[in-house]
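Trainee: The chain contents come next:
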Amino acid sequence: MRHLILRLEAPLMAFGGETIDNYGVIRRFPAASMLTGLLANALGWRRTEAKRHQRLQDRLVFAARIDREPAGGVRLTDFQTAQLGASDMGWTTRGLPEGRAGGANTYNAPHLRYRDYFADMRVTVALRLEPVDESLTLANVAEALQEPARPLFIGRKPCLPSRPLFVAYADGKTALAALLASQPEEDSDNSNTLAAMWPAYEAVGEDDRVKTARRYMLTDQRNWVSGLHGGGRWVCEGAVCNARAGAVGESPASTAREQT
Amino acid sequence: MTTPRFLQIHALHSYPAALLNRDDSGLAKRMPFGGAVRTRISSQCLKRHWRVAEDEYAIHNIPDAAAAIRSRNIVEQKVMQPIREAGGIAEDVLDAVNSAFNVHVYGSGGTSESGRQPLLLGFPEVGYLQEKAAEICAAHADDAAGAKASADALFGKRQGESANFRAFRESARLPGGLEGALFGRMVTSDPAANIDAAVHVAHAFTVHPEESESDYFSVVDDLQTEDEDPGAAHIGDMELTAGLFYGYVVVDVPGLISNLEGCKAEDWESADRSLAARVVEHLAHLIATVSPGAKRGSTAPYAYADLMLIEAGKRQPRSLANAFRKPAKAQVEDATERLSCHLEKLDNAYGAAETRGVMCLEDCEIPGTPRLNLDALASWAAETVRNGEA
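Those protein sequence lines, which keep their order, are chains A and B. Take the first sequence: its position 148, counted from the start at 1, is 148 in this note's numbering, and no numbers get skipped. If you count the second sequence from 1, you need to add 1000 to reach this note's numbering.
Isolated chain A, as found in the complex (with noise of 0.2 Å):
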């Protein structure tokens, strides 16, 4: 099966997690609601476009893989204020307008927000469409990502790529088979094995490339339509081999890699 290979990077980037107040924290790979924003946005669709949006999280497989992770993957924080009104209001399409909660002493200081980043980190995607026969197809999707309707960001505006993220097309039985096709770039991170995470119902056989950590249930797709996620799909994470060391087990003394 046909995939497309997308490199994410950026001097900051930011796969979201579970915000909970004031808190925007972030997980290691990337989440399906996430690359589906981001494809929708290549696309030039609207927010508003809610079951386009839907339609394309149901077909999207993909498993991605963290080539470069610096210092252990230590997220930096970063801090923000933002100075609020209470008589900040919003119209809204619903004849209501939005406004702001909270007591007058809420608005004597500024707001305060934390935002989690994971520096100079590179992730690579495998991605398919299922069924493929819609009328969007992998090559829209490729081409979008060439010459987007608007400008590209991983996960947050100010998260501007340092590179085109469409790599290449590559064959493979699952997604995770089409990423251990790609190999890592230089400059990637030269341990044994890179940590990645692919769909559970496209189990791995006997592959020494492939060792599985854990098997959970994953909540990151978005309801489209009421703008919340929810539900869950079973995901694998675990260590693949990493091309430019070795095979999962070997050491690094036993394979010439290059230098760089």
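In case anyone wonders, no lab produced these hints; they're calculated from the structure. Using N, Cα and C, we set each Cβ at its ideal position, and we do this for glycine too. Don't take every hint at face value.
Stated by the list, open to error - Below 25 Å or equal to it, Euclidean Cα-Cα: the simulated PhoX-like pairs (lysine-lysine) are:
1. B:K1264 with A:K157
2. B:K1345 with B:K1329
3. A:K211 with A:K173
4. B:K1314 with A:K157
5. B:K1047 with A:K157
6. B:K1295 with B:K1047
7. A:K51 with A:K157
8. B:K1132 with B:K1148
9. A:K51 with B:K1132
10. B:K1326 with B:K1345
11. B:K1345 with B:K1314
12. B:K1047 with B:K1314
13. B:K1264 with B:K1132
14. B:K1314 with B:K1264
15. A:K51 with B:K1264
What the hints assert, rightly or not - Sample of chain A residues facing chain B (criterion: CB under 10 Å; computed from the structure):
16. P11
17. L12
18. V74
19. T92
20. P97
21. G99
22. L152
Using the hints, position chain B against chain A.
Mentor: Below, chain B without anything else, positioned relative to chain A:
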């Protein structure tokens, strides 16, 4: 020749001994990149200072911005025209709805064009008005009085709708409307009322490892007499950093025109682009000359860009941050060379499809890029938007 759907603005700014952007512990914001920690300025910080700058190129100072806004006729041209063209609605009904909407959107002076205050109505506003007008026309296809009553009721006092329209007008009024058109506006509960930012700003970071110094200081009480305790009234320290920062901004040209003119983004090439062109010209000047305003009194952190490169094109915008992944020297010459080399590598790998212009203090050769002064560079960028061609 390319279509300037995106403008990418790259800038290098050099600041000695300043504390431009702090975290909650009062230290400079930082980030690790390519194995070295860098000093960082967040995008929120940069945007705020461009927004509130008070100078010749202030966003609020765009000459004849108010006059340039076509939206005084937006009800007639953008809201009613499509309904007229669709047909099936009596002429007097259309006229009644038109004048009622004009009065309610623009206030009591709305009956005449000259009485209307300039409002910046973006695509969400226009779409919303059009949907409501179409509903009313469809419900009263032959009944002008009924249509007028319906329109009055829509904007009427019941159920907070008049408050909604107050908020609607408020968000569209200048200069706030201009800020929204550039940097976006979010209504959390209603994606249909959101305005998406047309100007995307990355966090700026130093092209070299952080250069930081803890500045120890004491405060002397000038009124203290000699026979009193001779100690300082206060001692403290603050962090100072020096840095050559790489900053990156992308302007979504169709998005900007949609936000300013109320058209669909995909129709940008047939829209009036003159206001968008002015905005781009001002933005280029602001990015080059406005500094984050922190510790102004004690560090005078005012710097103009050492280099500003603008690219116009339609491919996926990508920053040139990776030029500095391997830390550069903290010198403009080295950073400029890195930038130029990286750009050449990108051109060799992906082709050179963008049209470029550069302003640079030092001698530099950026492949296929004419050197311009800031005025010329900013007006070139504006021209590409005005002509829809670069």
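Trainee: Hints first: check each against the structure and report whether it holds.
Mentor: We went through each hint and held it up to the structure:
With a C-alpha separation of about 21 Å, the suggested pairing of B:K1264 with A:K157 holds against the 25 Å cut-off. With a C-alpha separation of about 20 Å, the suggested pair B:K1345 and B:K1329 falls inside the 25 Å cut-off, and the hint holds. A distance of roughly 18 Å separates the Cα atoms of A:K211 and A:K173; the hinted pair therefore holds under the 25 Å criterion. For the hint pairing B:K1314 with A:K157, the CA-to-CA distance comes to about 19 Å; that is within 25 Å, so the pair holds.
In summary, the hint linking B:K1047 to A:K157 is supported, as the alpha carbons are separated by about 12 Å, within the 25 Å threshold. Simply put, B:K1295 and B:K1047 have alpha-carbon atoms about 18 Å apart, close enough for the 25 Å limit, and the pair holds. With a C-alpha separation of about 23 Å, the suggested pairing of A:K51 with A:K157 holds against the 25 Å cut-off. Among the hinted pairs, B:K1132 with B:K1148 is consistent with the structure: their alpha-carbon atoms are about 13 Å apart, no more than 25 Å.
With a C-alpha separation of about 22 Å, the suggested pairing of A:K51 with B:K1132 holds against the 25 Å cut-off. For the given pair, B:K1326 sits about 15 Å from B:K1345 by alpha-carbon distance, which is consistent with the 25 Å threshold. Between B:K1345 and B:K1314, the direct Cα distance comes to roughly 19 Å. Compliance with the 25 Å bound is thereby established for this hinted pair. Taking the CA atoms of B:K1047 and B:K1314, the gap is about 24 Å. The hint holds against a cut of 25 Å.
Pair hint B:K1264 plus B:K1132 holds up; C-alpha atoms about 18 Å apart against a cutoff of 25 Å. Distance check on the hinted pair: B:K1314 and B:K1264 sit about 18 Å apart at the alpha-carbon level, within 25 Å; holds. Between A:K51 and B:K1264, the direct Cα distance comes to roughly 20 Å. Compliance with the 25 Å bound is thereby established for this hinted pair. This hint holds: A:P11 has a C-beta 5 Å from the nearest C-beta of chain B, less than the 10 Å allowed.
Among the interface hints, the one on A:L12 holds; its C-beta lies about 6 Å from the nearest C-beta in chain B, closer than the 10 Å criterion. Checking A:V74 against chain B: minimum C-beta separation of about 8 Å stays under 10 Å; hint holds. A hinted interface residue such as A:T92 counts as satisfied when its beta carbon comes closer than 10 Å to some beta carbon of chain B; here the least separation is about 4 Å, so the hint holds. Below 10 Å, beta-carbon pairs count as interface contacts, and A:P97 has one with chain B at about 4 Å; its hint therefore holds.
Interface hint status for A:G99: upheld, as the beta-carbon distance to the closest one in chain B is roughly 8 Å, under 10 Å. With a least beta-carbon distance of about 6 Å to chain B, the hint placing A:L152 at the interface is held under the 10 Å criterion.
The structure agrees with every numbered hint stated previously.
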